[in-house]
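K.L.:
Here the working numbering is used: the first residue of the sequence shown is 23, the next is one more, and so on.
I should point out that these hints are in silico values taken from the structure, not numbers from a laboratory. Take every hint as true, because none was put in to throw you off.
Derived DSS-like pairs: lysine-lysine, alpha-carbon spacing no greater than 25 Å straight-line:
#, residue 1, residue 2
1, K186, K290
2, K282, K168
3, K168, K290
4, K186, K168
5, K290, K175
6, K175, K186
7, K175, K282
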Amino acid sequence: MAALVLNPPLELSRLLGFNRDMTAEEKLSLALFLDTAGDFFRDGYHKPREPSAFTDDPEKASAAEKVTDTVTRPSPEALGVEKVTVTVSDTLEAVAADIVRCVACPLHGGRSQAVPGEGVERPLVMVIGEGPGADEDASGRPFVGKAGQLLDKMLGSVGLSREKNCFIANVVKCRPPDNRDPLVEETESCAPFLARQIRLLEPRIILCAGRVAAQTLLKTGSPIGSLRGQFTPYHVHETLSIPVLATYHPSALLRDDTYKRPAWEDLKLLRQRLIEIDESYAREAGEGGV
Numbered sequence: 023m024a025a026l027v028l029n030p031p032l033e034l035s036r037l038l039g040f041n042r043d044m045t046a047e048e049k050l051s052l053a054l055f056l057d058t059a060g061d062f063f064r065d066g067y068h069k070p071r072e073p074s075a076f077t078d079d080p081e082k083a084s085a086a087e088k089v090t091d092t093v094t095r096p097s098p099e100a101l102g103v104e105k106v107t108v109t110v111s112d113t114l115e116a117v118a119a120d121i122v123r124c125v126a127c128p129l130h131g132g133r134s135q136a137v138p139g140e141g142v143e144r145p146l147v148m149v150i151g152e153g154p155g156a157d158e159d160a161s162g163r164p165f166v167g168k169a170g171q172l173l174d175k176m177l178g179s180v181g182l183s184r185e186k187n188c189f190i191a192n193v194v195k196c197r198p199p200d201n202r203d204p205l206v207e208e209t210e211s212c213a214p215f216l217a218r219q220i221r222l223l224e225p226r227i228i229l230c231a232g233r234v235a236a237q238t239l240l241k242t243g244s245p246i247g248s249l250r251g252q253f254t255p256y257h258v259h260e261t262l263s264i265p266v267l268a269t270y271h272p273s274a275l276l277r278d279d280t281y282k283r284p285a286w287e288d289l290k291l292l293r294q295r296l297i298e299i300d301e302s303y304a305r306e307a308g309e310g311g312v
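With the sequences and hints as input, model every part of the structure.
P.N.:
Written out as structure tokens, the structure reads:
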């Protein structure tokens, strides 16, 4: 799994050094804030830890006040992977650049191109599939083969598109050989990239296309048949949860017509939720545009 290194705008030791008149309580509050912010930018959740020790005396600053990152982690070199840097000013472009450079799992060795994803910022819907296929590997774009063309039609039927109000990505960013399902270690290697994308995009709804995407995001082994047709919260951080709707992968619909009706029911459910939570979408739907 790619190691994430937080680079806050002001390192803890520097910040405390510039504020030598701060009380121990003020220093502790600041340290807790930076630790919490770092955890969420790095991993998406807060890691409990023992509070650092601070002193009111500026001449007797404890060693804890000189620590820039209280989380112990193996170095990227020890893991044999590249360093992925997350900063407060993280961007989708930075995530894409890190994905293109990533060598964290064996999938990078067989790729023609990594496929970070594409679409609009702050989308209504973020669509997450399982991984690139041959067409995606060749083009560097997600969902451009036959399954992708069907996905575009499905989204278009409810007023959605990657050009207008969606962002499309995959659980893994490099093509698995022979289009097999991604292995657990492969999805874990790409998980930080997907988490960063979700945090940056903050979509109103996440649509998981297929079993692998739904099981990976929701951290469950339940079959797609029991996951679809309902919204499940995905907790981004303490103040943000995004509803997740799972449905069948477009490639499944191409193989088996019996999946088309339940997939359409899922799309209608998606449309109804969007009407409820987004005024502009609801207005367009009311005017017959959706």
